[in-house]
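S.K.: Residues per chain are reported as follows:
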Amino acid sequence: MDSTRTPLLETVNLRKLFKLNGGAHLHAVDGINLKVYSGETVGVVGESGCGKSTLGRTILRLLEPTSGQILFKGADITKLNSSKMRELRKEMQIIFQDPHSSIDPRKSVVEVIAEYMFIHKTYPTKAAIYNRAAELMDLVGLARRYANSYPHELDGGRRQRIGIARALSLNPQFIVCDEPVSALDVSIQAQILNLLMDLADELGLTYMFVTHDLSVVKHISNKIMVMYLGKCVEMASSDELFLNPLHPYTKALLSAIPEPDISKRDEEFVLIKGEISSPINVKPGCRFAARCDFVSEICTGNDVELKEVSTGHFVACTLCR
Amino acid sequence: MNSDAILDIKNLRVIYQTDLETVEAINGIDLKINKGKTLGLVGETGAGKTTTALSIMRLLPERTGKIVSGEIHFAGQELLKMPLMEMRKVRGDQIAMVFQDPMTSLNPVMTVGEQIAEAINLHNADLSKAETEKRVENALLMVGILPSRKNEYPHQFSGGMKQRVVIAMAIVCEPGLLIADEPTTALDVTIQAQVLMMIRELRDRLGTSMLMITHDLGIVAKICDEVAVMYAGEIIEAGTVFDIFTSKRRHPYTQGLFDSIPSLSSRASRLQPIQGLMPDPSNLPKGCYFAPRCKHCMEICTKEHPKKVTEGTHTLLCHLYSDSATVQKPGGED
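Chains F and A, in that order, give the protein sequences.
Using our numbering, the first residue of the first sequence is number 108, and each one after it goes up by one.
Using our numbering, the first residue of the second sequence is number 208, and each one after it goes up by one.
Derived by calculation from the structure, the hints in this document are not laboratory data.
C-beta: ideal position from N, C-alpha, C; glycine also.
Heads up, some of the hints might be wrong.
[Stated by the list, open to error] Heads up, simulated EDC-like pairs for lysine to aspartate or glutamate below, C-alpha to C-alpha not over 20 Å straight-line: (1) A/LYS288 / A/ASP308; (2) A/LYS455 / F/GLU404; (3) A/LYS244 / F/ASP373; (4) F/LYS380 / A/GLU408; (5) F/LYS371 / A/GLU408; (6) A/LYS455 / F/ASP368; (7) F/LYS380 / F/GLU404; (8) F/LYS371 / A/ASP466; (9) A/LYS502 / A/ASP466; (10) F/LYS371 / A/ASP450; (11) F/LYS371 / A/ASP432; (12) F/LYS191 / F/GLU242.
[As the list claims (entries may be wrong)] Selected chain F positions facing chain A (Cβ under 10 Å, derived; list incomplete): (13) LEU300; (14) LEU321; (15) VAL324; (16) LEU360; (17) SER370; (18) VAL416.
Generate coordinates for the entire structure from the input sequences, incorporating the hints supplied.
M.R.: Next comes the structure, spelled out in structure tokens:
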């Protein structure tokens, strides 16, 4: 990657621990260093409980980080007060997974889309705001006749379009997409993915795309980070990661996807044993060690650092030295 | 041919009737599962997949769900004519069902061992307590759970483990037919891979026939022998997995499903989704139900409902492939 450019967003050793009863800590995000350059789409993949959504929310400071820095255009935003942060949120937005629960059921479509513009007083008059809301509806492919409908009258795909229009309403540069297509049927999912990609081209958006679906992430991302129990285990460009996965977890993850290809019918999955272990009070060492087939004594005891094995390809595994 | 079929559904029609509207959920489907084979029933939300399963189990919602016509033959019996008491003996014993969400299909205040024992005792009243326990432990072993965990409650298990418990309950009476309604949709990919492999192995070991309901063509390619694609309450294409995955002659909807999935092996800049939405089942279009979304829609498609076209094991419900229409094959124009 271009190391001379300032990334649009950068996290430095970002951690988010949740305090539990009895003084224990749940390590949701544990030392993530991520650089997102302008115009890029960075995919964050992992299974439930790996901390990918927490990462997305912490970056927007919807959750307060425990330690570490979040640099937006080179400036640390972790210390900003709430009014400054509110200003900044115009530039960083989020699209949520569930279009059913992330939209106020008592507001009509146009009111949902216009809400942020009223909060930020983007336009002087009410008419101008509603006008812009209607334009946004065109932009995301929602027919204007739905303007006065309520969210429950629409299907999941259209509701997700409302969420996208709302996120775009303040002209952000950076959008966290938190599993935006997971709740949708495949044919609708494809429509929304195309829409997101078109919008990125047209408006020059930068996405951080959080998902558990590897085929979706491959399709949409330039760069992919694989997370496991709050840590990044592997990061590479999308093509490189799928051609040459190095971490045993990434390999297992890639092999576990049933592909709609009959010639691969008899290929066996590389199964990983057991299930994700507890993220509470984790001991130092590789988080994947307990499930890994290649585990040795050097995997436990000390944290395994992320190493650059080839240009832009980072792996945290003792096998790759 | 007919003697091989464990399940044979003929011209099934199901509606959901409320005071306000009549929803035509299933519109005359024929479905056959041969002994020991697995049929994948594919389609999107609202296509009628689950309604088909519930009709077989006769578990449609009592007030609204109505079977208008059709026959369901299972192992020589006509299920729709069976008295309710008889049907109860079939459910769970000869036909078992695994539901999508393991969190809601288990009783939270009973231990998993008790819940599996319940299924055994309902169908084997004279079994001794010790024997029941032994069968519970065997069932847990088969799905890869330590028998010592039988006294634990569902909340002590993870999602994947809960689904294994549900599968243990379903197979404990060694049913002839297992209906699995999106059994791995709620699970993570690595756990899904574990559960799928386990289902495949159990099926092969016990010789169970299976109806696998899914929206994931990847799962179909891995697990199923035969496939039926549903759209708006109809089976628009059916055949062996090889018919569906390798044939050039595909229903435009099936083709659309394939084109909507981002590929892992090749890189395309844009997906080719199916435009529009599934039609409102209370107000289905005249002619072909897929016509409003179809790239190859012809005049006849909006007027006349297509008839089945059969080529060997492959059946299609599309005017493109009927002889009367001018044939314009998918992919031909671009």
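S.K.: All hints, please: hold or fail.
M.R.: Okay, the hints, checked on the actual structure:
no.	hint	in the structure
1	A/LYS288 / A/ASP308	violated (30 Å)
2	A/LYS455 / F/GLU404	violated (53 Å)
3	A/LYS244 / F/ASP373	holds (16 Å)
4	F/LYS380 / A/GLU408	holds (16 Å)
5	F/LYS371 / A/GLU408	holds (18 Å)
6	A/LYS455 / F/ASP368	holds (14 Å)
7	F/LYS380 / F/GLU404	holds (19 Å)
8	F/LYS371 / A/ASP466	holds (18 Å)
9	A/LYS502 / A/ASP466	holds (13 Å)
10	F/LYS371 / A/ASP450	holds (15 Å)
11	F/LYS371 / A/ASP432	holds (14 Å)
12	F/LYS191 / F/GLU242	violated (28 Å)
13	LEU300	holds (6 Å)
14	LEU321	holds (7 Å)
15	VAL324	holds (9 Å)
16	LEU360	holds (6 Å)
17	SER370	holds (9 Å)
18	VAL416	violated (22 Å)
In summary, the numbered hints that this structure violates are 1, 2, 12, 18.
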